[in-house]
Amino acid sequence: MSPEYAMRGQFSMKSDVYSFGVLVLEIISGRKNTSFDETNNSHDLVTYAWRLWNNGTALDLVDPIIVDNCNKSEVVRCIHIGLLCVQEDPIDRPALSTILVMFTSNTMNLPVPRRPGFFDHTRPKDPLDTDQSTASKSFTVSTDDASITSLYPR
Numbered sequence: 000m001s002p003e004y005a006m007r008g009q010f011s012m013k014s015d016v017y018s019f020g021v022l023v024l025e026i027i028s029g030r031k032n033t034s035f036d037e038t039n040n041s042h043d044l045v046t047y048a049w050r051l052w053n054n055g056t057a058l059d060l061v062d063p064i065i066v067d068n069c070n071k072s073e074v075v076r077c078i079h080i081g082l083l084c085v086q087e088d089p090i091d092r093p094a095l096s097t098i099l100v101m102f103t104s105n106t107m108n109l110p111v112p113r114r115p116g117f118f119d120h121t122r123p124k125d126p127l128d129t130d131q132s133t134a135s136k137s138f139t140v141s142t143d144d145a146s147i148t149s150l151y152p153r
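Following numbering that gives the first Met the number 0, the numbering of the sequence shown begins with 0 at its first residue and continues without gaps.
Pairwise CB distance ranges (calculated):
1. 55 / 15: 25 to 31 angstroms
2. 42 / 107: 31 to 37 angstroms
3. 100 / 64: 27 to 33 angstroms
4. 12 / 63: 31 to 37 angstroms
5. 67 / 95: 29 to 35 angstroms
6. 103 / 34: 30 to 36 angstroms
7. 71 / 103: 16 to 22 angstroms
8. 100 / 34: 28 to 34 angstroms
9. 90 / 64: 32 to 38 angstroms
10. 71 / 107: 14 to 20 angstroms
11. 67 / 90: 36 to 42 angstroms
12. 113 / 72: 19 to 25 angstroms
These are computed hints drawn from the structure, not numbers from a lab. For each residue, glycine too, the CB sits at the ideal point set by N, CA and C.
Based on the sequences and whatever the hints tell you, model everything.
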């Protein structure tokens, strides 16, 4: 799920691009983003991939089952494209047509990926969390005065 959809409910073609980037990283790594094991203090696959990319060890992301039987430069290019798709700002994500060209053209230079969405973000604190006394918190609650008088049609 793209950051802009999760945080603000905004959905666009770039949200699909984000999801596609996550899918690319899942295929390459053989791991699901939703059941990530927090390797190297990363809470999700995207953060883990980004850290490996920045450390120059992107091939460590590759599923051990395929790492010895793949074209390393093609896999690194796929990781690169996946990271471009999960950029934090939707404007920085490539269009679907551009992604197709990136995958089919080895001569196209790829831009340097920036920080991905959700990188090292923590979950927003739940306002109903009971860390402190609930007596010290106040909430605005609305009451719906509408009522139903007949449960069956006449």
